[in-house]
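In the working numbering, the protein residues as written are 1 to 153.
Any given hint might turn out to be false.
Label-pair restraints from in silico Cβ distances [as the list claims (entries may be wrong)]:
| hint | residue 1 | residue 2 | range |
| --- | --- | --- | --- |
| 1 | P55 | R35 | 18 to 28 Å |
| 2 | E142 | R87 | 16 to 26 Å |
| 3 | R47 | I73 | 16 to 26 Å |
| 4 | D19 | G136 | 40 to 50 Å |
| 5 | D137 | T22 | 35 to 45 Å |
| 6 | D137 | G14 | 36 to 46 Å |
| 7 | A100 | E142 | 16 to 26 Å |
| 8 | G14 | N139 | 31 to 41 Å |
| 9 | R47 | E85 | 30 to 40 Å |
| 10 | S96 | N123 | 31 to 41 Å |
| 11 | Q72 | E142 | 22 to 32 Å |
Hints were generated in silico from the structure; no laboratory data involved. None of these values were measured; they are calculated from a predicted model. C-beta atoms are modelled at their ideal positions from N, C-alpha and C, and glycine is treated no differently.
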Amino acid sequence: MRHADAPGAGDPPGWRLDDCSTQRNLSAQGRADARAVGERFRAEGIRIAKVLSSPWCRCIDTAKLMNLGPVQIAPTFSNAFMLSEQRAALTDGARSLIAAWRGPGTLLVVTHGSNIQALIGRNPASGETVVVTMRGDGNLHELGSLLVPTARQ
1 MRHADAPGAG DPPGWRLDDC STQRNLSAQG RADARAVGER FRAEGIRIAK VLSSPWCRCI
61 DTAKLMNLGP VQIAPTFSNA FMLSEQRAAL TDGARSLIAA WRGPGTLLVV THGSNIQALI
121 GRNPASGETV VVTMRGDGNL HELGSLLVPT ARQ
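Whole structure, please, built from the sequences with the hints as guidance.
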């Protein structure tokens, strides 16, 4: 899943991972969208067994506001746009972590558009959940997606 709406691109100069006030954060709409996605998952009976998040505040906040379970930070889902020199290593780590998932239930990862782009070849909308499966060749295949269930669509 790409984090919910956080206006702008990248992070401001001088951003720090340990200080949310220095990062690009969720808008009020993004916070509402994250709650709505969590509500939709519950209404649809989607059983989330594990929630992983990028260490960026907008991803952690999205995951927590969805209220689907404890949120674990997974550094391999760190922002590949801001850490472009680490993109290949982040992508390989993400692919390996997803490939190792055996459930039961669904693994939910909240990360950044650039990370998802590197994994499946497209940049999803803010708050969009992309459903994937691992192919035998080790690549992810998109099965479908869920857009944010709000009136603005």
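Taking the hints in turn, this is what the structure says about them:
1. P55 x R35: 18 to 28 Å: 21 Å, holds
2. E142 x R87: 16 to 26 Å: Once the Cβ atoms are compared, 20 Å apart, the range 16 to 26 Å for R87 and E142 holds.
3. R47 x I73: 16 to 26 Å: 22 Å, holds
4. D19 x G136: 40 to 50 Å: 43 Å, holds
5. D137 x T22: 35 to 45 Å: 40 Å, holds
6. D137 x G14: 36 to 46 Å: With Cβ atoms ~41 Å apart, the hint holds.
7. A100 x E142: 16 to 26 Å: Cβ of A100 to Cβ of E142: about 19 Å, so the range 16 to 26 Å holds.
8. G14 x N139: 31 to 41 Å: Given range 31 to 41 Å: holds, Cβ gap about 37 Å.
9. R47 x E85: 30 to 40 Å: About 37 Å separates the Cβ atoms of R47 and E85, which means 30 to 40 Å holds.
10. S96 x N123: 31 to 41 Å: Given about 22 Å between the Cβ atoms, the range is violated.
11. Q72 x E142: 22 to 32 Å: 24 Å, holds
Checked against the numbered hints listed earlier, the structure breaks hint 10 alone; every other hint is satisfied.
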